[in-house]
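*Asks:* Chain by chain, the residues run as shown.
Number of protein chains: 2
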Amino acid sequence: MNLTTVKEATTIILNNSVNFGIEEVDFINSVGRVLKEDIVADRDFPPFNRVSMDGIAIAEEAFNKGIRSFKIEGIQAAGSPQLTLKNTNNCIEAMTGAMLPINSDVVIQYELLEIKDGFATVNLDTVKSFQNIHKKGLDRKQNDVLIPKNTLISAAEIGVFATVGKSKVKVAKQPKVIIVSTGNELVEVSETPAEYQIRRSNVYTLVSLLENLQIKADTAHILDDKKTLETKIASFLNEYDVLLFSGAVSKGKFDFIPEVLDNLDVEKLFHKVKQRPGKPFWFGKKTVVERSRSAKTVFAFPGNPVSTFVSCLKYFYPWYNKSIGLNFENKQEAVLSEDFYFKPNLTYFLQVKLQQENGKLIATPIAGKGSGDLTNLVDSDAFLELPDDNSNFTKGQVFPLLTFR
Amino acid sequence: MNLTTVKEATTIILNNSVNFGIEEVDFINSVGRVLKEDIVADRDFPPFNRVSMDGIAIAEEAFNKGIRSFKIEGIQAAGSPQLTLKNTNNCIEAMTGAMLPINSDVVIQYELLEIKDGFATVNLDTVKSFQNIHKKGLDRKQNDVLIPKNTLISAAEIGVFATVGKSKVKVAKQPKVIIVSTGNELVEVSETPAEYQIRRSNVYTLVSLLENLQIKADTAHILDDKKTLETKIASFLNEYDVLLFSGAVSKGKFDFIPEVLDNLDVEKLFHKVKQRPGKPFWFGKKTVVERSRSAKTVFAFPGNPVSTFVSCLKYFYPWYNKSIGLNFENKQEAVLSEDFYFKPNLTYFLQVKLQQENGKLIATPIAGKGSGDLTNLVDSDAFLELPDDNSNFTKGQVFPLLTFR
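Protein chains in written order, with the numbering used here: chain B, 1 to 405; chain Y, 1 to 405.
If we strip away everything but chain B, and leave its shape as in the complex, we get:
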C-alpha cells in the first residue's frame, strides 16, 4: 500500500490553500481575525506635547533665572483647549493627558511642590527641558504604519484601531465550512442510543476546534447510503468552500466517501497517511470552472475520535492559516519527559500533558487506549509529533507539538 508521508501530506495541503477574499467588520468584533489592510497613524502620536505627570507647567527660562515660586495662572485640564502662560514667570497647573500650555516647556510633579495661597513653590536645583512631557510625534509620526497587513488581531491591536479611529477594519473572510458525519451507528446527543449505537461526537469536537479559529461551521449527518451521500455531498460542494468529513474513508463495506467524492469529480490528492492515529485520512479538491469562485477543499478524516481530532490540528489548522495569510509553520515544540518506544514505521502523534519548568515546556506521555478513546484527550493538553524514522525516543529530546488548550 502506497502511504503518503506526513511531510508530503503537509506539502500537498499547503500547496492547495485557497484565498477566500476580504470583508469589513466592526473593529470590536475583529479579535482572532487576520488584518487585510495596513493601519496607519491618522496624526502624530502623541498628537500634541502631552503632560505626563500631574503638576505645574513652567518656562525653563524662568527657573534658570532663579525663580522658585510661581504664581498659578490657571489649570490646564486634559480634554481642554490649550492655554497660554501669559506671564512666563508664572505657572499653570497641568494634568496628565493635557496639552502643554503655550510658553511652557517643563512640568514639575505635585510630589515636589508646595502649593499655598495661589503660589507653587519648588525646592530644586535643576530641571530638564521637556521633563514630564511626552513630546508630539515621539511614539509615531502621522502616516506611519502602526500595524501591517496580515497581522492576527489581539486586544493590543483593538486599542490601536480605536486610537486611530478605525471603527471598521478589513479582515480575511472566513471560508464557509460544513462538517459532515456519516454512519448508521450514530444518534443525536439528546437521544438514548440502542446497544449497538453511539452518539455523534466528532462533528461537535470539530465545531469547537473550528470555533478556536473564529469559524462558525454548519453540520450535517448522512446515513451510509451511496445515493443519499452523492446527492447531499453534491449540494454541499455547491454551497460550501470546505467540507470536513469524519468517518467512512477506510476499507469497510460502507466506507463510501472516497468513491462518492470521485463520482462527484473531487480530485483525490492523497489517501492514507503514514501516521497513527489517522492513517485513512483522505484529502482532495474540486476545481470550480466559474469565474470568481475558488476551489472546494475536502478533508475526509477517519472516524475515530482521536484521529479526527489530531488530523484537524495537524492539517486543517495550517491549511486555514496559510489560506488567510498567516504564518502557517508550526513552531511549537516541547521536551519529552521520559523515554518512549513506538515500533511501527509511522509518524506517531503522542498524547501528552504539558508543564513549564525553568522556561522549558515539558511533555509527559499519557497512556491511552487507542484512537477510539476520546476521554483520554481530557487528560492531555497536546500531541507530540514523533517522526517515522525512529522507534526509540529519548528523554530530553525536542519534538514538534500540537496544542489544543
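A few of these clues could be false.
No copy is singled out in the list; a pair is fine if it fits within one copy or between any two copies.
[What the hints assert, rightly or not] The list that follows gives simulated cross-link-like pairs (lysine-lysine, DSS-like), each with its CA atoms no further than 27 Å apart: (1) K135 <-> K253; (2) K135 <-> K272; (3) K353 <-> K36; (4) K168 <-> K216; (5) K226 <-> K116; (6) K86 <-> K251; (7) K227 <-> K286; (8) K173 <-> K322; (9) K343 <-> K135; (10) K360 <-> K331; (11) K226 <-> K285; (12) K268 <-> K253; (13) K353 <-> K135; (14) K216 <-> K173; (15) K331 <-> K353; (16) K251 <-> K136; (17) K135 <-> K251; (18) K7 <-> K331; (19) K36 <-> K216; (20) K395 <-> K360; (21) K253 <-> K116; (22) K395 <-> K331; (23) K253 <-> K285; (24) K128 <-> K274; (25) K253 <-> K71.
To be clear, the hints were calculated from the coordinates, so they are not data collected in a lab.
Nothing here was measured: the structure is a model prediction, and the numbers come from that model.
Given the coordinates of chain B, assemble chain Y onto it according to the supplied hints.
*Replies:* Showing chain Y alone in chain B's frame:
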C-alpha cells in the same frame, strides 16, 4: 508614600475572589467555560465489544481446529443490531465500529484475506483472542468520572459531553462586568478628535481582554464631574458584580475616582502598587448586606494604555480564574534573551517578543516609549515580570510571563 508590593496586591486580590454561582448552558456553547459538575460515563466505553478493523469475525476455536477458509454468513455493519454466527466454522464480515457478532471472538482484517465465491480464506499460522476487537468497558466503566468538576472546557471535553449525552452542562456563571472610562479628553472611535482630544481606546482593549475569558462586558463613559460620577457609579454598583475603571486614579485635580468610591462606601483595599507601569492602580470592594448577593469588586486601573493592559492581565485575570474555580497561579515563564537594566525599586513589566528555541521560550525585550505608547504592544507578545529587588537582569535568567496572544 506607602506603596503596596506586587506580591501583596496579588494576595489581597486573590483573598477577595467572589463566587458568582452556576448556570446551565448548551454543551456546544461551553468552550472556555469552567465545568461545575462531574461528567460520568452513562454506560461502559466501548459500550459493546467493538470491531476495530474492517474484516471478518470468526470463532478462534474454528481457527485452532485448522479451518482457514470460512463461508461468509452475512455482514455485521456498524449501527446494526448484533448478528449471531450460526455455524462457528463460518464467518461474518464485520465493519469498524460494529458490534462483534455472537459466537465470534477474533477479527481478521481485509488486508490478510482473500475473498472469493462467498468464502474468506486466510493464510496465517496464529490468531490472538479478541484481536482487532476493542473490548466492552476497556476505556471506561459505567459511572466512572470522565471529567471532574472545575475543568476548563476545550474541544476535547465537548466530544465527551456529546458521547455521554450531556446536551446541557453546568458551568461557572460569569460576573456582570462594566468597563468605565472617564476623562473629558476622550471622544468616540468614530469621531474626529479636536487637537487636544484623543479617542477612547482603553475600554475597547479591556472588552477584548475580557472576551478572551468569555466575558461580555458592558461599557460606559463618564465626564470628569464629581456629581455625575457619583450618581452613575452608584447605579453601576447596584447593577454589576465588577466595575473596571481606566483613569482618574492618580494625583490630578480631576482624578475623582478614589474619592467618589470612598463616598459610595467602596472599601479601598489598596491604592498604588510598587510597579511600572501601573503604579496608581486602585482596588477595592463593596460588601453587600442583602442575602444572596455577593460583594462588588472594583478594579480602578491607571489611564495609560499599557498600564491598563498589563494590570488587567496581572490582576483581573487571576482574580477571575480563582473566582470561577480555576487554578489561578500563573505558571508561565520565559528566558530573558539579553541583559537588561532597570533601576527604580519597582516591579517592572517588560514588553517582550516571544520565540521558541529547542523547547525553551525565549523573551526578547522590545524597546518602548513608556506606558502611553499603545502601538508598542503591537510589536510585543507578552510582559516579562522583573522583580523589584534587583536592577540587573541577566541573559538566561527565567522570569514569570504574562502573555496576551
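*Asks:* All hints, please: hold or fail.
*Replies:* Comparing the hints with the structure gives:
1. With identical chains, the CA atoms of K135 and K253 are at most 27 Å apart between copies only, with a shortest distance of 22 Å across copies and 75 Å within one.
2. Proximity of K135 to K272 under the C-alpha cut-off of 27 Å is restricted to the inter-copy arrangement: shortest distance 26 Å between copies versus 62 Å within a copy.
3. In this assembly of identical chains, K353 and K36 lie within 27 Å of each other by CA distance solely across copies; the values are 22 Å between and 36 Å within a copy.
4. Both within a single protomer and between protomers do K168 and K216 lie at most 27 Å apart by alpha-carbon distance, with minima of 21 Å and 20 Å respectively.
5. Taking the shortest alpha-carbon separations for K226 and K116, only the inter-copy value of 24 Å comes in at or below 27 Å, while the best intra-copy value is 91 Å.
6. When the C-alpha separation of K86 and K251 is checked against a cutoff of 27 Å, the pair qualifies only between copies, where the shortest distance is 25 Å, while the shortest distance within a copy is 90 Å.
7. In this homomeric assembly, K227 and K286 come within 27 Å of each other (Cα to Cα) only inside a single copy, at 20 Å, whereas the closest approach across copies is 66 Å.
8. In this assembly of identical chains, the alpha carbons of K173 and K322 lie at most 27 Å apart only when taken from the same copy (13 Å versus 37 Å across copies).
9. Taking the shortest Cα distances, K343 and K135 sit within 27 Å of each other only across copies (23 Å), while inside one copy they are farther apart (65 Å).
10. Taking identical chains as interchangeable, the C-alpha atoms of K360 and K331 lie at most 27 Å apart whether they share a chain (14 Å) or sit on different chains (11 Å).
11. For a Cα distance limit of 27 Å, the shortest separation of K226 from K285 inside one copy, 20 Å, qualifies, whereas the shortest one across copies, 64 Å, does not.
12. When the C-alpha separation of K268 and K253 is checked against a cutoff of 27 Å, the pair qualifies only within one copy, where the shortest distance is 20 Å, while the shortest distance between copies is 71 Å.
13. Taking the shortest alpha-carbon separations for K353 and K135, only the inter-copy value of 26 Å comes in at or below 27 Å, while the best intra-copy value is 49 Å.
14. Taking CA atoms no more than 27 Å apart as the test, K216 paired with K173 passes in both settings, with 12 Å inside one copy and 24 Å between copies.
15. For the homomeric pair K331 and K353, the shortest alpha-carbon distances inside one copy (18 Å) and between copies (14 Å) are both at most 27 Å.
16. For the homomeric pair K251 and K136, the shortest alpha-carbon distance between copies (23 Å) is at most 27 Å, but the shortest distance inside one copy (70 Å) is not.
17. Taking CA atoms no more than 27 Å apart as the test, K135 paired with K251 passes between copies only; the shortest distance there is 21 Å, against 71 Å inside one copy.
18. For a Cα distance limit of 27 Å, the shortest separation of K7 from K331 inside one copy, 15 Å, qualifies, whereas the shortest one across copies, 33 Å, does not.
19. With identical chains, the CA atoms of K36 and K216 are at most 27 Å apart both within one copy (20 Å) and between copies (26 Å).
20. Taking the closest pair of Cα atoms, K395 and K360 come within 27 Å of each other both inside a single copy (14 Å) and across two copies (15 Å).
21. Within a single copy, K253 and K116 get their C-alpha atoms only as close as 94 Å, which misses the 27 Å cut-off; across copies the closest is 15 Å, which meets it.
22. For the identical chains of this complex, K395 and K331 are neighbours both inside a copy (20 Å) and across copies (22 Å), given an alpha-carbon limit of 27 Å.
23. Taking CA atoms no more than 27 Å apart as the test, K253 paired with K285 passes inside one copy only; the shortest distance there is 24 Å, against 66 Å between copies.
24. For a Cα distance limit of 27 Å, the shortest separation of K128 from K274 across copies, 25 Å, qualifies, whereas the shortest one inside one copy, 68 Å, does not.
25. Only between protomers do K253 and K71 lie at most 27 Å apart by alpha-carbon distance; the minimum there is 17 Å, versus 95 Å within a single protomer.
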